[in-house]
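Colleague: Sequence:
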Amino acid sequence: MRRAYPDVAFLASYDSAADDWRISITVPGADGGEPRHGELYWCEGRMLPADRLADRDDYWSMMYRYAEEVPDPAEFTEEDIARIRMVSSPEHRQNGPSSPQFFYDLLYDCATREQVEEHITQVSFLGKRSNLHARIAGPLARVEEEILAAAETDAEVRDFAETLASADSYNWREISDSGNRSFHSMGIAIDVLPEGWGTKNIYWAWRRDIDPENWMLLPLDRRWMPPARVIEIFEDNGFLWGGKWTIWDNMHFEYRPEVVLYTRSGYAAGN
Numbered sequence: 159m160r161r162a163y164p165d166v167a168f169l170a171s172y173d174s175a176a177d178d179w180r181i182s183i184t185v186p187g188a189d190g191g192e193p194r195h196g197e198l199y200w201c202e203g204r205m206l207p208a209d210r211l212a213d214r215d216d217y218w219s220m221m222y223r224y225a226e227e228v229p230d231p232a233e234f235t236e237e238d239i240a241r242i243r244m245v246s247s248p249e250h251r252q253n254g255p256s257s258p259q260f261f262y263d264l265l266y267d268c269a270t271r272e273q274v275e276e277h278i279t280q281v282s283f284l285g286k287r288s289n290l291h292a293r294i295a296g297p298l299a300r301v302e303e304e305i306l307a308a309a310e311t312d313a314e315v316r317d318f319a320e321t322l323a324s325a326d327s328y329n330w331r332e333i334s335d336s337g338n339r340s341f342h343s344m345g346i347a348i349d350v351l352p353e354g355w356g357t358k359n360i361y362w363a364w365r366r367d368i369d370p371e372n373w374m375l376l377p378l379d380r381r382w383m384p385p386a387r388v389i390e391i392f393e394d395n396g397f398l399w400g401g402k403w404t405i406w407d408n409m410h411f412e413y414r415p416e417v418v419l420y421t422r423s424g425y426a427a428g429n
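Read in order, the letters of the sequence shown correspond to residues 159 to 429 in our numbering.
In case anyone wonders, no lab produced these hints; they're calculated from the structure. Heads up, some of the hints might be wrong.
Stated by the list, open to error - Using 27 Å as the maximum straight-line C-alpha spacing, the simulated DSS-like pairs for lysine-lysine come out as follows:
hint, residue 1, residue 2
1, Lys402, Lys286
2, Lys402, Lys358
3, Lys358, Lys286
Said to hold, decoys possible - Label pairs and their in silico Cβ distance ranges:
hint, residue 1, residue 2, range
4, Ala188, Asp379, 42 to 48 Å
5, Arg271, Pro297, 22 to 28 Å
6, Glu275, Ala176, 51 to 57 Å
7, Glu192, Glu275, 15 to 21 Å
8, Thr357, Gly190, 28 to 34 Å
Think of the CB as a built atom: it goes at the ideal place given N, C-alpha and C, for glycine as much as any other residue.
My request is simple: use the sequences and hints to build the entire structure.
Modeller: What follows is the structure in structure tokens.
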């Protein structure tokens, strides 16, 4: 977490009563403003406030093993398919464990729409306007710089940059089929859509509308994907790509540097 957010102060102390690590967090204020302070418990990577520790099973860990490669449906077992059908069902998405967002609410000051919109700024990404959280403007600018540099020698990357139709980020909303807030509502996710995207398979739920039972078996060559070098550039700058999730969202990148570092560190091995 310290490597992922070097300007944020993390101080850990063991709380014997809770039998867990209590983490005091100080986030610097924007433009020299007052810093924000909070305390969360590690809770196996869930980062929960004290009053939510009893409800830990309602949340999954912030830390997980991010896939190195795109899951290939050709290699799915019957058990894999049954699991994907279960976790993608409306019942599970509405009632199953959710992503704990307490740390992000503190980090991005985004617990309410009014709060987060104080931090939303407009940027240009590959010639497209996007409204996003000011904290990720720097990382996204580095992504753009590296993509443009790669485009000078890589035709695939150049075509991606030149045919980008939109790059939308901030949108205060919940995740489809779920009561959980989207990372777009924090302004830290960006959807990149290519020209002609309406003819592509780009998002699992849109494919599910066509093929409710077997959408997850759609071959990889029938899905639109950014060039591998573009995905690599995003990841190297702390962004996850939704195309590596089994419930795939190929237009989606979100800024989660702690997950990238956790996966690459080796701590995630076996998870």
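Colleague: Kindly indicate which numbered hints from before are broken by the structure, ordering the numbers from low to high.
Modeller: 6, 8
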